[in-house]
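J.: Residues per chain, in single letters:
Number of protein chains: 2
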Amino acid sequence: MSEFAENERRIVVAIDEGDESMYALSWCLKNIVFENSKDTLILLYVKPPAPLFPSFDAPEFVITAEAMAKIEKYSQEVADRVLETATRLCNNIPNVEMKVGQGDPRDVICEMTQKLGADMLVMGSHGYGTIKRAFLGSVSNYCAQNAKCPVLIVKKPK
Amino acid sequence: MSEFAENERRIVVAIDEGDESMYALSWCLKNIVFENSKDTLILLYVKPPAPLFPSFDAPEFVITAEAMAKIEKYSQEVADRVLETATRLCNNIPNVEMKVGQGDPRDVICEMTQKLGADMLVMGSHGYGTIKRAFLGSVSNYCAQNAKCPVLIVKKPK
Chain A
1 MSEFAENERR
11 IVVAIDEGDE
21 SMYALSWCLK
31 NIVFENSKDT
41 LILLYVKPPA
51 PLFPSFDAPE
61 FVITAEAMAK
71 IEKYSQEVAD
81 RVLETATRLC
91 NNIPNVEMKV
101 GQGDPRDVIC
111 EMTQKLGADM
121 LVMGSHGYGT
131 IKRAFLGSVS
141 NYCAQNAKCP
151 VLIVKKPK
Chain B
1 MSEFAENERR
11 IVVAIDEGDE
21 SMYALSWCLK
31 NIVFENSKDT
41 LILLYVKPPA
51 PLFPSFDAPE
61 FVITAEAMAK
71 IEKYSQEVAD
81 RVLETATRLC
91 NNIPNVEMKV
101 GQGDPRDVIC
111 EMTQKLGADM
121 LVMGSHGYGT
131 IKRAFLGSVS
141 NYCAQNAKCP
151 VLIVKKPK
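Just so you know, the sequences run in chain order A and B.
For the first sequence, position 126 matches number 126 in full-length UniProt numbering, and the numbering has no gaps at all.
For the second sequence, position 26 matches number 26 in full-length UniProt numbering, and the numbering has no gaps at all.
Any given hint could turn out to be false.
For chains that are exact copies, the list does not tell them apart, and a pair is met inside one copy or across any two.
Computed list of lysine-lysine pairs in DSS-like fashion (alpha-carbon distance at most 27 Å, straight line) [stated by the list, open to error]:
{"#": "1", "residue 1": "Lys73", "residue 2": "Lys156"}
{"#": "2", "residue 1": "Lys148", "residue 2": "Lys30"}
{"#": "3", "residue 1": "Lys47", "residue 2": "Lys115"}
{"#": "4", "residue 1": "Lys158", "residue 2": "Lys148"}
{"#": "5", "residue 1": "Lys148", "residue 2": "Lys38"}
{"#": "6", "residue 1": "Lys30", "residue 2": "Lys158"}
No wet-lab data here; the hints were simulated from the structure.
The task is simple: from the sequences and hints, build the whole structure.
T.: Right, dumping it as structure tokens:
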């Protein structure tokens with residue numbers, strides 16, 4: 001038996017609705033976490049922040065409770081769909097956990113990775129659309145610099 | 001036998017004279033490449049670029065052939081020392097190769113990773129000193145964005 005089988009690592013894979021994160025997960029399942037492993041694979045999905053500051057003074061910016069509930073429902077549906085797809089990919093792994101966070105993915109991923117006691121964080125190289133990335137920088141770059149554990153960034157081949 | 005033992009991956013570890021890159025190598029040996037593996041571990045060291053443009057017209061900038069030879073000799077000694085330390089860490093790994101490049105580490109690491117057909121690149125999170133990093137950005141960020149294969153960035157815990 002290889003030394004490998006003795007390992008019990010906690011590996012967090014940050015997933016979102018993009019193809020790149022599913023590719024990163026698949027790559028991780030082929031190269032890092034194996035069928036017979038004792039590793040725990042933690043799928044982490046971060047929902048966008050809830051709409052902020054519903055204002056009763058400025059009617060043009062009011063977000064009604066009903067609208068907020070709809071946004072929240074849609075956001076939960078997206079989360080469920082992403083986690084379902086990801087879980088299907090992991091059906092040979094004995095120890096899979098799912099976590100859902102909410103907020104700026106850069107902060108949430110770094111904080112939860114630490115709270116979850118991760119030995120490694122795996123993620124796709126993007127995680128925002130092109131425009132948001134131009135303003136905020138890439139989520140993976142931020143996490144590579146700020147997460148407390150080693151970070152594996154997987155790009156989807158073009 | 002786990003699926004792991006079937007793998008024959010080519011894993012490049014970029015090393016330099018810093019503690020962080022040796023930590024990244026050790027972490028990789030505990031978590032990614034195992035004793036009995038068929039993986040090939042490629043240690044890549046990048047020497048700084050040779051002094052450019054020795055000029056015969058501007059005496060204040062002349063770098064004599066003798067000075068260049070000294071710089072080159074020193075740079076080779078550093079490379080040998082780093083590779084020797086790294087090789088000692090890998091004494092349980094059957095397939096270890098060493099490669100030395102020269103130039104800007106950002107470009108050389110990305111180019112050689114591709115030429116060597118790497119399945120993964122492992123590196124410490126730095127690779128320049130503080131001041132150079134402020135101007136050039138971190139080598140690992142650059143490689144995470146530009147290398148063609150997945151990149152694992154390992155930070156040394158403080």
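J.: For each hint, tell me whether it holds in the structure or not.
T.: A quick look at each hint next to the structure:
Taking the shortest alpha-carbon separations for Lys73 and Lys156, neither the intra-copy value of 30 Å nor the inter-copy value of 41 Å comes in at or below 27 Å. In this assembly of identical chains, Lys148 and Lys30 lie within 27 Å of each other by CA distance both inside one copy and across copies; the values are 24 Å within and 18 Å between. Taking identical chains as interchangeable, the C-alpha atoms of Lys47 and Lys115 lie at most 27 Å apart only when both belong to the same chain, with a minimum of 18 Å there against 39 Å between chains. Taking identical chains as interchangeable, the C-alpha atoms of Lys158 and Lys148 lie at most 27 Å apart only when they sit on different chains, with a minimum of 10 Å there against 30 Å within one chain.
Proximity of Lys148 and Lys38 under a CA criterion of 27 Å is satisfied intra-copy only: 22 Å inside one chain copy versus 30 Å between copies. When the C-alpha separation of Lys30 and Lys158 is checked against a cutoff of 27 Å, the pair qualifies only within one copy, where the shortest distance is 19 Å, while the shortest distance between copies is 31 Å.
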